[in-house]
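Q: Sequence:
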Amino acid sequence: MSDLKILIVDDSLFFREALARGLASNISGTIEIEKAENPFEARDKILSFDPDVMILDVEMPKMNGIEFLRRLIVQYALPTVVLSSRPAYKNLALEAGAFSFIEKPSMTLGSGDFMKKVAEQVVMAKKHEEMLISESQGQDNAAEAPPAPEPKPEPVQPSVSSIQQAKPAVQPPKTDVQPTRSASDKVVTPLFQNYGSHEQVSQHLNRVVSNMKAMTEIAKQMKSDKPEPQSVPLSSLKTPVPPRKVELIAIGASTGGTEALSKILRELRPPLPPIVIVQHIPPMFSKLFSDRLNNECVVNVKEAEDGDRPAPNCVYVAPGNKQMRVNSVGGLMSLDVKPGPKYGGHCPAVNVLFKSVAENIGDRAMGVILTGMGEDGAEYMLKMREAGCVTLGQDEASSVVYGMPRVAYEKGGVMLQVPLNGMAMMITAVANYK
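Those letters in the sequence shown? Residues 136 to 569, by this note's numbering.
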């Protein structure tokens with residue numbers, strides 16, 4: 136695990152690479168660095184990478200760094216070191232909420248003094264943030280002064296074999312009269328035991344939820360600067376005809392996707408083929424997200440596990456930090472869910488899922504790509520379409536960020552663009568086409 140996570144935002148590839156090398160040479164301990172070339176890409180990186188400190192250039196295309204910082208800081212408190220070759224930006228940067236401002240060298244980028252100064256400011260920014268958090272927690276603890284908890288009986292840990300025997304192979308579809316299941320009714324998995332106490336887990340999850348909401352709100356604000364596109368009327372959309380009966384639905388999403396998926400899944404009704412989903416999402420939150428959807432939806436929703444066999448009327452959400460693939464042997468599908476390298480900077484990656492679907496399921500599947508920054512999923516949505524799959528993309532007007540669906544459409548991978556309010560209806564129509 137890294138001691139320090141740094142996000143570098145600069146439109147110059149040369150500067151990003153040189154600065155990354157300089158930081159690695161001047162900061163002790165384990166550091167992890169991600170890079171973005173503009174504020175729009177940075178917004179998604181903040182959500183997926185969760186950096187400790189951001190290094191931000193000022194003069195960039197699409198949106199300058201100071202404007203981005205102004206919009207970011209009210210939603211997401213991220214220590215930021217601003218760099219610019221123009222010292223006149225210093226006061227503006229500090230007023231916008233920057234931790235510090237450093238003037239870029241006018242001659243040699245590799246200046247040892249410059250790199251050392253940036254490294255020092257990054258480390259100081261991290262320590263300052265930790266100090267503020269520590270002081271805040273100390274004040275909260277002093278104010279609350281909770282009574283000592285009563286001793287609890289030692290829990291009995293069930294054996295692996297007993298859990299496996301108790302776990303059904305397939306969950307039956309829910310009905311309107313079936314009582315809603317709660318996440319608290321399920322066995323607590325070792326995933327949460329590695330993160331400390333219940334309070335620590337809750338604090339971490341609350342922070343992740345707040346971060347995702349903040350990024351979506353910032354995305355909406357950044358989108359509002361442009362003329363608003365209009366969705367086509369639903370009545371004008373013609374249902375694509377699948378070449379064969381649809382046996383699997385594969386969905387990919389990123390920024391704004393949690394809200395889009397929640398709307399779509401709440402509106403879906405059986406009978407439906409299995410649904411597999413990759414949403415760019417941090418670890419731990421994927422379980423929380425799946426449990427919440429399971430309580431809200433008629434269909435069953437769960438965080439995918441390695442070896443799961445996709446069942447009708449069931450939804451499988453890829454865990455954070457794991458790649459999910461669909462295998463098929465003798466017509467029987469199974470999920471391969473394992474830690475793996477990032478693909479295009481993402482884990483889970485939509486492209487990894489779509490690639491497996493195109494190669495192993497072919498024209499028995501349907502692909503859907505929803506709102507999101509970047510182009511994850513576009514490459515292999517095209518392969519899915521070439522394999523005979525019906526492919527749908529969220530339209531620009533209803534997307535929080537029209538990135539992934541736009542690139543997929545421009546590459547020729549999207550057969551039909553659909554507004555969010557009609558996506559569940561279109562998925563159902565294609566899945567049940569006769």
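In case anyone wonders, no lab produced these hints; they're calculated from the structure. Built from N, CA and C at the ideal position, the CB exists for glycine as well. Some hints here could point you the wrong way.
[Claimed, not checked] Okay, derived cross-link-like pairs now, DSS-like style, lysine-lysine, Cα gap no bigger than 25 Å in a straight line:
#, residue 1, residue 2
1, Lys518, Lys490
2, Lys225, Lys239
3, Lys197, Lys225
[Claimed, not checked] Computed spacing ranges between beta-carbons, pair by pair:
#, residue 1, residue 2, range
4, Arg427, Ser160, 25 to 33 Å
5, Arg379, Phe149, 29 to 37 Å
6, Pro476, Glu440, 14 to 22 Å
7, Pro476, Ser160, 20 to 28 Å
Q: Assess, step by step, whether the Cα of Lys197 is no farther than 25 Å from the Cα of Lys225, and give holds or violated.
A: 21 Å, holds
Q: Between Pro476 and Ser160, is the Cβ distance one that fits in 20 to 28 Å?
A: Given about 25 Å between the Cβ atoms, the range holds.
Q: Given a hint of 14 to 22 Å, does the C-beta separation of Pro476 and Glu440 actually sit inside it?
A: At 20 Å between Cβs, range holds.
Q: Between Arg427 and Ser160, does the beta-carbon spacing fit 25 to 33 Å?
A: 44 Å, violated
Q: Verify the proposed pairing of Lys225 with Lys239, using a straight-line Cα cut of 25 Å.
A: 12 Å, holds
Q: If I claimed the Cβ atoms of Arg379 and Phe149 lie 29 to 37 Å apart, would that claim hold in this structure?
A: Once the Cβ atoms are compared, 50 Å apart, the range 29 to 37 Å for Phe149 and Arg379 is violated.
Q: Would the hint linking Lys518 and Lys490 be met if the CA-CA limit is 25 Å?
A: The hint holds at about 7 Å.
Violated hints, listed in ascending order, are 4, 5; each of the other numbered hints is respected by the structure.
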